[in-house]
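A.B. asks: Single-letter residue listing:
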Amino acid sequence: MNKTKKWIQEIKNKLHFNSKKEIVDFLVRLIFMISTIVSGSFIIIIIIFIAREGIKPFVTDNDGLGAVNLFRFLTGRVWLTGTTFQSTLYSVGFIIINTIYVAILSLLISMPIGVLTALFIAKIAPTKLSSIMRTVIELLAAIPSIVYGLFGAGVILPFVYNFAKTLGIQSPGGNSVLATVIVLSLMILPTITALSEVAIRSVGKDIEHGSLALGATKTQTHFKVILTSAKSGIFSAAILGIGRALGEATAVSLVAGNAQNGPSFGIFQTTSTLTSTMLQGLKETIGLDYDIRFSVGIVLMIVILITNTLLNYVKRKVGNVNVK
Amino acid sequence: MSNKRKRFDKLLQTVTYISASIGVLILSLIVVFVIRNGVGLINLDLITNDYHAQFYNGGIDEIVTFSNTPRPNELDSGDIYSEKWGIALRDGLDREGKPIIEVVFIAEDSPLYTMYDKNNLENTEFKIEVENIISSVKFDNKPSALSIYGAEYMINELDAENQFREIVFSSLGGGIRGSLITTLYTIGLTLIIALPIGIFSAIYLNEFAKKNRLTRVIRSMIEMLTGVPSIIFGLMGLAVFVPLTTRYTPATSANLISGSLTLAVILLPIIIRSTEESLKVIPDDFRFASLALGANNSQTTFKVVLPSALPGILTATLLAIGRVIGESAALIFAIGTTIKDDISIFGKSTTLAVHIWSLLTDEPANIELASTISIIILFIVLILNISVKLLSKKYLKRA
Numbered sequence: 001m002n003k004t005k006k007w008i009q010e011i012k013n014k015l016h017f018n019s020k021k022e023i024v025d026f027l028v029r030l031i032f033m034i035s036t037i038v039s040g041s042f043i044i045i046i047i048i049f050i051a052r053e054g055i056k057p058f059v060t061d062n063d064g065l066g067a068v069n070l071f072r073f074l075t076g077r078v079w080l081t082g083t084t085f086q087s088t089l090y091s092v093g094f095i096i097i098n099t100i101y102v103a104i105l106s107l108l109i110s111m112p113i114g115v116l117t118a119l120f121i122a123k124i125a126p127t128k129l130s131s132i133m134r135t136v137i138e139l140l141a142a143i144p145s146i147v148y149g150l151f152g153a154g155v156i157l158p159f160v161y162n163f164a165k166t167l168g169i170q171s172p173g174g175n176s177v178l179a180t181v182i183v184l185s186l187m188i189l190p191t192i193t194a195l196s197e198v199a200i201r202s203v204g205k206d207i208e209h210g211s212l213a214l215g216a217t218k219t220q221t222h223f224k225v226i227l228t229s230a231k232s233g234i235f236s237a238a239i240l241g242i243g244r245a246l247g248e249a250t251a252v253s254l255v256a257g258n259a260q261n262g263p264s265f266g267i268f269q270t271t272s273t274l275t276s277t278m279l280q281g282l283k284e285t286i287g288l289d290y291d292i293r294f295s296v297g298i299v300l301m302i303v304i305l306i307t308n309t310l311l312n313y314v315k316r317k318v319g320n321v322n323v324k
Numbered sequence: 001m002s003n004k005r006k007r008f009d010k011l012l013q014t015v016t017y018i019s020a021s022i023g024v025l026i027l028s029l030i031v032v033f034v035i036r037n038g039v040g041l042i043n044l045d046l047i048t049n050d051y052h053a054q055f056y057n058g059g060i061d062e063i064v065t066f067s068n069t070p071r072p073n074e075l076d077s078g079d080i081y082s083e084k085w086g087i088a089l090r091d092g093l094d095r096e097g098k099p100i101i102e103v104v105f106i107a108e109d110s111p112l113y114t115m116y117d118k119n120n121l122e123n124t125e126f127k128i129e130v131e132n133i134i135s136s137v138k139f140d141n142k143p144s145a146l147s148i149y150g151a152e153y154m155i156n157e158l159d160a161e162n163q164f165r166e167i168v169f170s171s172l173g174g175g176i177r178g179s180l181i182t183t184l185y186t187i188g189l190t191l192i193i194a195l196p197i198g199i200f201s202a203i204y205l206n207e208f209a210k211k212n213r214l215t216r217v218i219r220s221m222i223e224m225l226t227g228v229p230s231i232i233f234g235l236m237g238l239a240v241f242v243p244l245t246t247r248y249t250p251a252t253s254a255n256l257i258s259g260s261l262t263l264a265v266i267l268l269p270i271i272i273r274s275t276e277e278s279l280k281v282i283p284d285d286f287r288f289a290s291l292a293l294g295a296n297n298s299q300t301t302f303k304v305v306l307p308s309a310l311p312g313i314l315t316a317t318l319l320a321i322g323r324v325i326g327e328s329a330a331l332i333f334a335i336g337t338t339i340k341d342d343i344s345i346f347g348k349s350t351t352l353a354v355h356i357w358s359l360l361t362d363e364p365a366n367i368e369l370a371s372t373i374s375i376i377i378l379f380i381v382l383i384l385n386i387s388v389k390l391l392s393k394k395y396l397k398r399a
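Keeping their order, the protein sequence lines are chains A and B. Going by the working numbering, the first sequence opens with residue 1, and the numbers climb by one from there. Going by the working numbering, the second sequence opens with residue 1, and the numbers climb by one from there.
Some hints here could point you the wrong way.
Said to hold, decoys possible - Straight-line C-alpha distance at most 20 Å; calculated EDC-like pairs for lysine to aspartate or glutamate:
| hint | chain 1 | residue 1 | chain 2 | residue 2 |
| --- | --- | --- | --- | --- |
| 1 | B | Lys138 | B | Glu161 |
| 2 | B | Lys393 | A | Glu138 |
| 3 | B | Lys303 | A | Asp25 |
| 4 | B | Lys210 | A | Asp25 |
| 5 | B | Lys142 | B | Asp61 |
| 6 | A | Lys14 | A | Asp25 |
| 7 | B | Lys98 | B | Asp45 |
| 8 | B | Lys389 | A | Glu138 |
| 9 | B | Lys210 | A | Glu10 |
As the list claims (entries may be wrong) - Under 8 Å between C-beta atoms, here's a sample of chain B residues computed to sit facing chain A:
| hint | residue |
| --- | --- |
| 10 | Ala20 |
| 11 | Gly23 |
| 12 | Val24 |
| 13 | Ile26 |
| 14 | Ser201 |
| 15 | Gly227 |
| 16 | Pro229 |
| 17 | Leu235 |
| 18 | Leu268 |
| 19 | Ile272 |
| 20 | Gly326 |
| 21 | Ile332 |
| 22 | Ala365 |
| 23 | Ala370 |
| 24 | Ser374 |
| 25 | Leu378 |
Simulated from the structure, these hints should not be mistaken for laboratory data. We treat Cβ as the ideally placed atom computed from N, Cα and C, and that holds for glycine.
This is chain A alone, in the form it adopts within the complex (with noise of 0.2 Å):
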């Protein structure tokens, strides 16, 4: 009882204001306040309420259709068997699969290319040039996202498609894992380019001059001393860009060809992610094909965490070998 009334004495004494000078001071304290703690609410209302939308399917009944079956979602192999509105048999198995697998490869292609152009810049290229490289980083990563998919569209398209057919086989229309991979590996160069370039320029000069003292080339240098000392700054680069492919939606949409099943492995089978399954049939309003694209961000909010802290585990693993 003490305590609460000390309590209350306390707050009346914060409350006591001499004059209107202190009163402002007290309400402008407040409105920041308030301010500060609705930035950091966002994300719990992300979370609650798609997690509130995108739970409906499983346990309510959908108007009469039945829950969705939680383990057939996230196993199928065929995106909803049956028609629209009648069909409760939604699954994105084979999507999620797609969807890591199209991220990985993007990764892949543009890893290399980024961390090479990364040393460039900071090690290799003479003040000017590597100014004008950064510049050109910087406008790639300025570039919306439409106008790479419009890219993508446009350009990569046709040109898979025309690989594809010198290859003889019959792409539709260039739609495929190919065309999703190039576009993603392009919207992620520029993300891996400048991180790169923060951790390579980080790397003391001690050990630099000390791997030329010993008689190696600059070339051994840059590859063998300074690209394993930044490593874990380039790891870094690569959970941002893997981050990056597996959320990014417009680009991906318009040149992935929204395969209904799979999963799809060959360069020229069309794919579908999770970003693309959720801008898909957007006419729907109501009901369970309205709900199932909560669904679907909450598997792709899950899977790009899985993937971030599988990777944050592998980085520290990488980062603890002494390099020196």
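Starting from the structure of chain A, add chain B where the hints point.
C.D. replies: Coordinates of chain B only, in the frame set by chain A:
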């Protein structure tokens, strides 16, 4: 050093050079592609025109006097002129690349000026104008002259007659005025919402908050927003802001306000980080001096700290504008993909980026117009980027 070593070094160097040139190559490819496809459509009309063409049916009474204006000299050799009707037509292509017949000249004494609006007899401002598109001329006694037969056929058919049943004509659609206005509205609304909250949060975190666990948690919660893909923000807008705005405003579906609110959430971490960075470089001496002179915390914040942080806030604003212009995935859900000409902040509409998406998901995709819009977007983004760079350079020099 062995020859083998040298060769290997050369190989690695070459690979590095090639990799470095790829970035430059991609940027130039994108720019060249967009400009080559889009530059043909760029003109002022595109920005001022509506997207949806207005169709009119013009009827005509008994004609008393025909035109007798001779063929004007300024017409191209390809333009077909009818002296009887005082009108010149030209075969052209619309913004989707389909063949059309456009009006290039009408004589002042043309009988076509006596046409009335068959759909709305009270419409007194009804008239056919230069740049209108004629889709067909219908006659009472013979088949219609459709635009697919070309301008010459249409003029010949008209010249052979003294009367027609109606002329169907339209304005040239495909303009982006609506999307452009939506984009501007969205930028304004988003900044009005996001800037105060973002700046206040940054000030609170940097100036007022105690360095304790709670502050760290809030800070990392704001940081977490940067890792969320934009399509998830779109879903949040759909689940939170769309129902909220439809309940408390006249809106009935996704609208500009819900879109701006969604964008504001996306921008918060960007604004907070940028503002905080500029707050951090303000020396503590400023604050102590102000406090020592008897100012209290909020006075110090508003009169000393905030003015010094202005360049950072300006940078944040420019970055935010760039993000709003380029954002597509979140807005597909939070504003919708309906292309509109009359814009209301309570109505559905699209920004330029979503307009591109709609054009590309149509069958067949309209690459030309999409490229033209991309030129506009890229141009704005380029200017914003350069301004941010100049601003931070100037600011760094001073600090």
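A.B. asks: A separate judgement is required for each hint: does it hold in the structure or not?
C.D. replies: Tested hints:
no., hint, in the structure
1, B:Lys138 <-> B:Glu161, "holds, 11 Å"
2, B:Lys393 <-> A:Glu138, "holds, 15 Å"
3, B:Lys303 <-> A:Asp25, "holds, 13 Å"
4, B:Lys210 <-> A:Asp25, "holds, 17 Å"
5, B:Lys142 <-> B:Asp61, "holds, 18 Å"
6, A:Lys14 <-> A:Asp25, "holds, 12 Å"
7, B:Lys98 <-> B:Asp45, "holds, 18 Å"
8, B:Lys389 <-> A:Glu138, "holds, 10 Å"
9, B:Lys210 <-> A:Glu10, "holds, 19 Å"
10, Ala20, "holds, 4 Å"
11, Gly23, "holds, 5 Å"
12, Val24, "holds, 5 Å"
13, Ile26, "holds, 6 Å"
14, Ser201, "holds, 4 Å"
15, Gly227, "holds, 6 Å"
16, Pro229, "holds, 2 Å"
17, Leu235, "holds, 5 Å"
18, Leu268, "holds, 5 Å"
19, Ile272, "holds, 6 Å"
20, Gly326, "holds, 3 Å"
21, Ile332, "holds, 6 Å"
22, Ala365, "holds, 6 Å"
23, Ala370, "holds, 5 Å"
24, Ser374, "holds, 5 Å"
25, Leu378, "holds, 7 Å"
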